[in-house]
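Q: Each chain, letter by letter, is given below.
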Amino acid sequence: MAAVTRPQPELDDLPASSPPIDPWAQIVQGFDGNRSDLVPVLQRAQSLLGYLPPDAVRRVARWLRLSESEVFGVATFYAQFRFTPPGRHRLRVCLGTACHVKGGVQMLETLERRLGVGTGETTADGEYGLERVVCLGCCALAPVMTLDEAIYGQMSVLKLQGILDARTHT
Amino acid sequence: MRARTLSRRRRQAEAGWQGLAASPRPVIYLGMGSCGLAAGADDVLAGTRAYLEEREVDAEIVKVGCIGPCYLEPLLDVQMPGRPRLSYSNMTAELAAKTLDALLAGEVPKRHLAGHFGDDDFDGVPRFADQPMLKHQVRIILRNCGIIDPEDVDHYLARGGYQAIERSLRMPWQDVIEEVQHSGLRGRGGAGFPTWKKWLLCRQTESEQRYLICNADEGDPGAFMNRSLIEGDPHAVLEGMLIAAYSIGASRGYVYIRAEYPLAIQRLRSAIAAMKKLGLLGEHILGSDFSFDVTVKEGAGAFVCGEETALIASIEGRRGMPRTRPPFPAVSGLWGKPTIIDNVETLAALPPIIANGPDWYAGFGTETSKGTKTFSLVGKVRRTGLIEVPFGTTLRRVIYDIGGGPTKDFKAVQTGGPSGGCLGEEFLDTPIDYENLAAAGSIMGSGGLIVIDRDTCIVDTARYFLSFTQDESCGKCVPCRVGTGHLVGILDAICAGRGELADLDRLERLARVVKGGSLCGLGQTAPNPVLSSLKYFRGEFLEHIKEKRCRAAVCRDLVVYRIIPDKCTGCERCVQVCPTGAITGPRAEAHNLDPDKCIKCRSCYEICRFDAIAGDAIVIESRGQHAL
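Respectively, the protein sequence lines represent chains A and B. Under numbering that gives the first Met the number 0, the first residue of the first sequence is numbered 0, with each subsequent residue one higher. Under numbering that gives the first Met the number 0, the first residue of the second sequence is numbered 0, with each subsequent residue one higher.
Within a straight-line C-alpha distance of at most 30 Å, the following computed DSS-like cross-link-like pairs (lysine-lysine) qualify:
| no. | chain 1 | residue 1 | chain 2 | residue 2 |
| --- | --- | --- | --- | --- |
| 1 | B | Lys407 | A | Lys158 |
| 2 | A | Lys158 | B | Lys596 |
| 3 | B | Lys134 | B | Lys62 |
| 4 | B | Lys599 | A | Lys158 |
| 5 | A | Lys158 | B | Lys566 |
| 6 | A | Lys158 | B | Lys97 |
| 7 | B | Lys62 | B | Lys275 |
| 8 | A | Lys158 | B | Lys109 |
For the chain A half of the interface with chain B, some residues (derived, Cβ under 8 Å), not all of them:
| no. | residue |
| --- | --- |
| 9 | Phe80 |
| 10 | Glu108 |
| 11 | Gly152 |
Okay, the calculated bits of chain A under chain B, using three or more residues with CB under 8 Å as the criterion:
| no. | stretch |
| --- | --- |
| 12 | 30-36 |
| 13 | 86-97 |
| 14 | 136-146 |
Hint data in this document are derived by calculation from the structure and do not stem from the laboratory. Every residue, glycine too, gets a C-beta built ideally from N, C-alpha and C.
One chain only, chain A, in its complex shape (with noise of 0.2 Å):
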């Protein structure tokens, strides 16, 4: 596995970028303290950690007053939290079926021998973090994947290492 643990931040060590107010009284900024808060709650905790320390989950569960075990239930029920620091870029490939049936598991392939991680894993070098999603929902442009916000439709195999390749080059 080359996937790395980078020291684990505290809620209180937030991003430079993000407003000087206490990151705690951020993520929850809005809500009620209803059980139905949980969801939108780490959501809102891992758009502004990137993920779902240990810290983030003990917290949120005193706060809903909730057991840890229940919210960490929760959490991992859906794809959409992790547990881990994510790479500083993100890469998604798509394999939903019309990905599937033109090939978007070639380009998942070529990025994990590029990089040499597995699907799910981040680069040694904390740079990149490659996923696979079912359905970017823009099937129609099939083979698509994202790299941080921008999508990229009709991929192939050259294309990609063009891709990689303008990126490392630069």
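Take the given structure of chain A and dock chain B to it, following the hints.
A: Just chain B now, with coordinates in the frame of chain A:
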């Protein structure tokens, strides 16, 4: 209280809309749906902006949603003063600049011109609506997609928006439900249950609180109708929610939407804000006694949450696991209150039904399935995209006339996603409706149509769907949790050439157990892809088992890669891309491929086909048969 109307604002909006069509400045419309973006619409937008700035051209840019033929994206539509809107397809920033150059010089460049939006003949250019992909469609639900700016509520108003809720509020709720009943509208999420029936059940259940949920958790891989509709016309869905909420007496609503659809979520939020400003949400909507508010709930990535009881559990902040029904959510749903869960498309059909009358709507479709249905037409078909056709349209019309036919020989069309099945050639003349697809062993589902040609292996496709449902099984009931795993195991063995004849019986037996014993729709329909493939494509399974041959050359353990020396020019491009050094050979001589080192990654095959000189020098074969 008598409801007021938005007529004054609508008149202004109409004037603005007509003003746009008669603009003295050039108006540029850009398709900025997710599919447009995937094709590079962002670059085209940036290029167009830079061009306009550099040339100091005063033009208006309108960002629209997806108009449907995604294979033409990115689309750049330009409306020069006094001329109809012209649509240019497959644009890049450079092409956009060139096209604009010509248009500004008064010419009508014909390259990349897909059609015009005027009513009359224009300079020999066909109308966009006469495009082969569009001319067989009936666009009711998609009427605004790609035409209006989804972030501008005035565009929606100008095209008759929110007239249906105005009309509904003047009618007793019973009459609205009756109109929906007469329209014949059935739930578009897949099951096709009559919409009015569950509404009435909900309304007649005593409760001080009722809920409406819009199910936008479009989980079927290969289907994107809801995404495109919300991105292109969010107000249509929200107006539908108002009509439904008024009918069932709900004061709170939720849109449960996949987190994978960030643009759709943004469009919904912006539309909700616009509605609040117009008094279309909140207390006493349009001055009536009806109050309603909507919250957007982002899903967190669980396919099973498309099932209504699981969806409710998810909104309540629990693991999204289904429960047994009855009680149905219409009686006891969210927090134990009567709840209606309607699909995005069902809701978006309501405004036109109420505005134009149920008889008009029921005039489309078949005896049992009324109206139109949107489909995402994808896979191995020439023209891919989002379409809308009346029920009763045949698969042949959809695949051949609208889709332009398969890219290679047609093998099957997969309908209904992981809950559906693969239908072969013999079903091409089947009119699409709920009953016909079910009788054929598939389902309507939410509307994904994935065309499969001879390069797609049926066994591999069945395995793909089963691995999907296995991954997404919530684990609550044993038949689904364990059964899907075993089905995948057997299919894995067949694909790897380790299958035996008895496996086919095992598959069928196990499939029946999973179907009959599972708690919710996910497990009950999970075996459909296997059962339908076994029924219609048994020969391919037998080839894998007896001859260890995959005729589509997809199953890796059964194929070899080979270089055809006569065709190889020795260009070394494959040598450069081969990740394991399996291909060697001096330049300008036919290369050598060492099968022991080859990991069948396909890189060489792709680069060879890409290179016009070497051409098809690399083939993938299964057991001596040329398959690709």
